[in-house]
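Colleague: What follows is the residue order along each chain.
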Amino acid sequence: MTRMTFQQALVAGIAEEMRCDPDVFVLGEDVGLFGGPLKSTEGLFAEFGAGRVIDMPISEGTIVGAAVGAAMQGKRPVVDLMFLEFLGLVMQQLIDAGAMHYYSAGAARVPLVVRAKYGVGPHHGHQYDLHSWATNIPGVKVVAPASAEDAKGLMKAAIRDDNPVLMVEHMALYHGVRGDVPDDPDWIVPLGKAAVVREGRDVTIVASAMMVKRAQQAAKVLADEGISAEVVDLRTIAPLDEDTVLASVHKTGRLVVACEAIGRGSSANDVIALAADRAYASLKAPIRRVAAPDVPVPFHRDLEKIYVPGAAEIEAAVRSTFQSAEAAP
Amino acid sequence: MTRMTFQQALVAGIAEEMRCDPDVFVLGEDVGLFGGPLKSTEGLFAEFGAGRVIDMPISEGTIVGAAVGAAMQGKRPVVDLMFLEFLGLVMQQLIDAGAMHYYSAGAARVPLVVRAKYGVGPHHGHQYDLHSWATNIPGVKVVAPASAEDAKGLMKAAIRDDNPVLMVEHMALYHGVRGDVPDDPDWIVPLGKAAVVREGRDVTIVASAMMVKRAQQAAKVLADEGISAEVVDLRTIAPLDEDTVLASVHKTGRLVVACEAIGRGSSANDVIALAADRAYASLKAPIRRVAAPDVPVPFHRDLEKIYVPGAAEIEAAVRSTFQSAEAAP
Amino acid sequence: MSDGPLRNDTSLELHRLMVFSRTLDRIYGEHDGHWHGLEGEEAVAAGVYHGLRPTDILAPHYRGMPIASYAKGADLRRLFAGMLAKKTGYNRGRHRNDICGPPEFNLIGLYTGSLGPPVGYATGAALAAKIDGRDDIAVAVFGDGGSSRGDIHEAMNLAAVQKLGVVFVCQNNQFAISTPLETGVAGSVAARGQGFGMPGVEVDGNDVLAVKDAMQTAIARARAGEGPSLIEAKTYRVAGHFYSDAEDYRDQDVVQSWRSRDPIAAFAAFLTDQGIASAAELQAIEDTATEQIKAAFAAALADPNPDEDDLGFDTVYAAEASA
Amino acid sequence: MSDGPLRNDTSLELHRLMVFSRTLDRIYGEHDGHWHGLEGEEAVAAGVYHGLRPTDILAPHYRGMPIASYAKGADLRRLFAGMLAKKTGYNRGRHRNDICGPPEFNLIGLYTGSLGPPVGYATGAALAAKIDGRDDIAVAVFGDGGSSRGDIHEAMNLAAVQKLGVVFVCQNNQFAISTPLETGVAGSVAARGQGFGMPGVEVDGNDVLAVKDAMQTAIARARAGEGPSLIEAKTYRVAGHFYSDAEDYRDQDVVQSWRSRDPIAAFAAFLTDQGIASAAELQAIEDTATEQIKAAFAAALADPNPDEDDLGFDTVYAAEASA
Ligand SMILES: Cc1ncc(C[n+]2csc(CCOP(=O)(O)OP(=O)(O)O)c2C)c(N)n1
Ligand SMILES: Cc1ncc(C[n+]2csc(CCOP(=O)(O)OP(=O)(O)O)c2C)c(N)n1
Ligand SMILES: [Mg+2]
Ligand SMILES: [Mg+2]
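Residue numbers (this note's numbering), protein chains in the order written: chain A, 1 to 329; chain B, 1001 to 1329; chain C, 2001 to 2323; chain D, 3001 to 3323.
Note that these hints are calculated values from the structure, not bench results. One or more of the hints may lead you astray.
[Said to hold, decoys possible] Pairs of lysine-lysine residues, derived as PhoX-like cross-links and limited to a Cα-Cα distance of at most 25 Å, are as follows:
1. C:2130 <-> B:1305
2. A:284 <-> B:1284
3. A:251 <-> B:1284
4. D:3087 <-> A:305
[Unchecked claim] Example chain A residues on the side facing chain B (calculated, C-beta under 7 Å, incomplete):
5. 88
6. 89
7. 92
8. 99
9. 103
10. 132
11. 135
12. 176
13. 262
14. 265
15. 270
16. 277
17. 287
18. 289
19. 296
20. 322
From the three backbone atoms N, C-alpha and C, an ideal C-beta is built for every residue, glycine too.
Using the sequences and the hints, build the whole thing.
Modeller: Dropping the structure here:
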């Protein structure tokens, strides 16, 4: 175990995979000597050189496109897209990449990781959480670590995965979160598996990335009120770990889903649709969604604070599921 | 009233708005002399000339971008994007356009319509239904007519709207559907209002575009079985007409949501999230989603048929909400 | 007709490819009114697609995808099956070989219908070759219409700064559906090469040897690690955008004048004039083409449709890490 | 120092803009370590942003957005308030004037952070002017880094085929964050003009009169309906990418050599040499700049933060059709 930040864990995961697989390489804007935006590739250039850590011109579609083409040739590119706000520039490449394996009847594989930073936090810019778009692309996986350990383990799994993976990295976690991270190069955190990060009996809170922290804070406060909340960290947002989500909702009978993206069209709704269908009989209360309003992220810190759903909103949503007068017509 | 096809109704709506507002103009690939893909702009070039029906080079991002810039100057551009499959090329422009009014504290307006053809049908190509991405963009509206009347009325409303509107046009409706369409140039179908296209007591089927037809077919079959299904045609997918959806679910107590997009990340989940929260107390059964599997649209007609949810799948989903043994843990 | 340092057998192979393309086009076009024919543009296809290595990467223009796939080694019957969405196609009916060649042959096609991005994929394949120290190259082809997509700009810039072995080819047939060159393309595609730090040449796209010559120069440069090149092959779309196109947007006299410059007829004349082949030999090529293509098409037509086995709804994700 | 047919008062205005920019930069940069300073590049900003009509459309480079906004008529205090996200800013704290100028002045900025698309928006504004029969023009500015985005290619092509009144300007400061010109830009941006059928010129971006001259030629062409032009103004980013950039990726000797070519000092010397202004007059300009900017900044700093009133979560959609 080594204690490191979320950012260090991401880089450590990439470095380990680069050491054991010569096909893994990194590309993106300012990933080389500069060390990547927010130090997202720090140290990789020094260790692996310009041949495997490649600075790119500002042309996001073609950076991801080039990575897709390289992946079709058997390489395992890791793209640093800088910010998730640039996802709109690469959607075409992702939808093509997601279709290749199926459309070619298995002949093509696209082992590709696209990393993207986002989220309201200290960086104060490029906050948009657009990951939900990618969940609506067949063949693409979407991963969102919430801890240093998962940052490393999921990164390693994403690099080993033979499919295009969008890995979203919340900037408030980057240098703020530390954790003990396994050193064994064979260890990974498998894609497609959620984690129950806090056990509870009365209500399930499903979250990912930064929202996991807030859900945990909320769960602590709720515990003092006598409400036992279970917190599920999705880790992989697509494809969803349906079993873990359903098992929890079957147990608790209540569901609150938290996400930082705007609610409309967000991946939170997938979780809700799953539960409203397949856990209906277990439900004792309305399913609540805690999400940002359908508004562009405002800039001033005070507005941002109102905009981003926090622990208090999660608490309120949970409490509301224990009020019986709800939602009568 | 004039009887016309869905495609003719779309064009008639544009032509009327062009006649009464000189700021309205059309741009896109092959919209001029050629008359647009699938005749989507037929006759407009002859009537309004090259100055207002403008052929564009193949550069979708910049076509929509130019429309955004023209809209900021007070014009009311109608972009023909050809196919919704090209949405991935213009997402950045849509997200910018959606933010402009809010971010400028009201100084900017972007009265823009982006039309896009899609859907499994006779055209047999460019089928992807990607509209759900746009629902996750703040400030953008998403509209999907299902009848000739709505095609005209919604098109006129979209052109008059001061916001960016994505209008998705299902190709199976294009030349196949006919209807009586009002001639009064002042008549519109307002955005943001769903329509109850069939009244029922036992179950609500929410659908849009081509799925409305299938839902109606299903409702007919179900009626013979003694199940009275109400069919809600969303017409505007974002922002959602929450009141109409909720009123119907409160009445019927059952909900099936049908969409042609892949289920994961689709706008169908917004409807489900709404009902699972605010109509929970009225629900008598699990909410069912009838959607395409999370798979790229397959090409062969036989595979396509299995892929696209049809009336039979909607019927089965409805029936399943009347089975009591459902979804127990 | 230019005559570069090409051996006679290469000339015959080029001719054969053109004839195959024309024959395939006619037979398939009769079957499918939405077929995007290559008639009149075969010299570009043959000159560009002939003679690549199996390990070279090719992102062909969508128009001419089957002949590109055939030139790369794909089987004609399976290609037809792929166009007909049969079970026996390379993609088991899930996708279409008319716009997407089988990746088994290092072909890159359209996985959705968007023109432009495949040029980036080809550039990335060349990046892979560079990282691996291979002298395999990538050929990326686009139309005059497609040349307006920002992807082309980005890919040329990236290939040039990274000195990647890419040959960019614009198959300029002077129309994009109904949009003529003048309102689609500003300046000149070939002239853009210089702006992106690479040689940019315009060649007569109806002269197969001129195209082949330009390709050989560009390929040599690419294999030598000297970087990308841009070739604009000027030709004309004598056919409609697709087979049943009404074509009421253009002057039929111009079409006729280009028909009279038919690249296959011209090359046939050249081959006989130069004594490279006799009329009988050329006839034999044509007969073989007709025979093979008819047989392949008939076989593909008779092949079974895909069934539940081919659906593969659970195979969207590649199953396991290969590492 | 080139000397075009500019009147003396224009020269003084250009100088004043440069001095304002430098002063604003210093004062704001001390306040915010993430500030993207324009130091050393002021001649490009002044030469490009000076003298546009209120009805001309300007999509400035993100670096230099406040001085562009000021040149277009925006109020300094409100601009600072916009950078500080105060209630009194043009956007009520909802967005940032450091990358987005107020559209009230026909400015187009970044509404999300993506470089490239605003060049398309400016092109569309020029299309609107053409449709309306106005001779207002659009100026679209991007960096050497931003020049690699496909948006630029698409916008240049569109502007040229449609003969739109757009002036494209590349503010080439030879770096994109840490990426030097050589690995970011292939060939030459100016040379791309020809490929897109428009004049493309390279000018010394540290010579404000050279920039202004090139702009005047391009603007005249645009107003006359003759189409777009491309100007590459070559300068150097002597500051870090942002104020607190460690800058360990480049040679400080090169930075120093460019510092010695400071455009403001050079122009000051020119103005006094030519007898256009005395040292005292120049000092007065500087003093006024310092005074006005300090006052505006202090006032903005003291302005209130936005509150619930400014949230406007229900104003994302423009309320009613204006028709
Ligand atoms: C990005 C994109 N935009 C539009 C289309 C629709 N489309 C298909 S073919 C075509 C014309 C292409 O013209 P060109 O590149 O010159 O090729 P040609 O058909 O002339 O061979 C268009 C516009 C597309 N497939 N992709
Ligand atoms: C599309 C896009 N990609 C990447 C970025 C991140 N980014 C912000 S500034 C910058 C460098 C821009 O370089 P250049 O255009 O030369 O402008 P300069 O900073 O040198 O003035 C980058 C990469 C962005 N804002 N938008
Ligand atoms: Mg063409
Ligand atoms: Mg720069």
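Colleague: Evaluate each hint against the coordinates.
Modeller: A quick look at each hint next to the structure:
1. About 44 Å separates the Cα atoms of residue 2130 of chain C and residue 1305 of chain B, which puts this hinted pair outside 25 Å; it is violated.
2. With a CA separation close to 12 Å, the supplied pair residue 284 of chain A and residue 1284 of chain B stays within the 25 Å bound.
3. About 20 Å separates the Cα atoms of residue 251 of chain A and residue 1284 of chain B, which keeps this hinted pair within 25 Å; it holds.
4. A distance of roughly 16 Å separates the Cα atoms of residue 3087 of chain D and residue 305 of chain A; the hinted pair therefore holds under the 25 Å criterion.
5. Because the beta carbon of residue 88 of chain A sits about 3 Å from the nearest beta carbon in chain B, less than 7 Å, this interface hint is met.
6. With a least beta-carbon distance of about 5 Å to chain B, the hint placing residue 89 of chain A at the interface is held under the 7 Å criterion.
7. Below 7 Å, beta-carbon pairs count as interface contacts, and residue 92 of chain A has one with chain B at about 4 Å; its hint therefore holds.
8. This hint holds: residue 99 of chain A has a C-beta 4 Å from the nearest C-beta of chain B, less than the 7 Å allowed.
9. The closest approach between the C-beta of residue 103 of chain A and any C-beta of chain B is roughly 6 Å, which is under the 7 Å cut-off, so the hint is satisfied.
10. For residue 132 of chain A, the interface hint holds, the least distance from its beta-carbon to any beta-carbon of chain B being 5 Å, beneath 7 Å.
11. A hinted interface residue such as residue 135 of chain A counts as satisfied when its beta carbon comes closer than 7 Å to some beta carbon of chain B; here the least separation is about 4 Å, so the hint holds.
12. Hint status for residue 176 of chain A relative to chain B: violated, with the closest Cβ pair at about 27 Å, above 7 Å.
13. At about 6 Å, the closest approach between the beta carbon of residue 262 of chain A and any beta carbon in chain B falls short of 7 Å, and the interface hint on this residue holds.
14. The restraint placing residue 265 of chain A at the interface with chain B holds, with a minimum CB-CB distance near 3 Å, inside the 7 Å limit.
15. Of the supplied interface hints, the one on residue 270 of chain A holds, with its beta-carbon coming within about 6 Å of a beta-carbon of chain B, less than 7 Å.
16. Contact between residue 277 of chain A and chain B, as hinted, is supported at the beta carbon level, the nearest pair being about 5 Å apart and thus within 7 Å.
17. Here the hint on residue 287 of chain A is kept, as its CB sits about 4 Å from the closest CB of chain B, short of 7 Å.
18. The beta carbon of residue 289 of chain A comes within 5 Å of a beta carbon in chain B, closer than 7 Å, and the hint placing it at the interface holds.
19. Among the interface hints, the one on residue 296 of chain A holds; its C-beta lies about 4 Å from the nearest C-beta in chain B, closer than the 7 Å criterion.
20. About 13 Å separates the beta-carbon of residue 322 of chain A from the nearest beta-carbon of chain B, more than 7 Å, and the hint is not met.
Hint check: violations occur at hints 1, 12 and 20; the rest are consistent with the structure.
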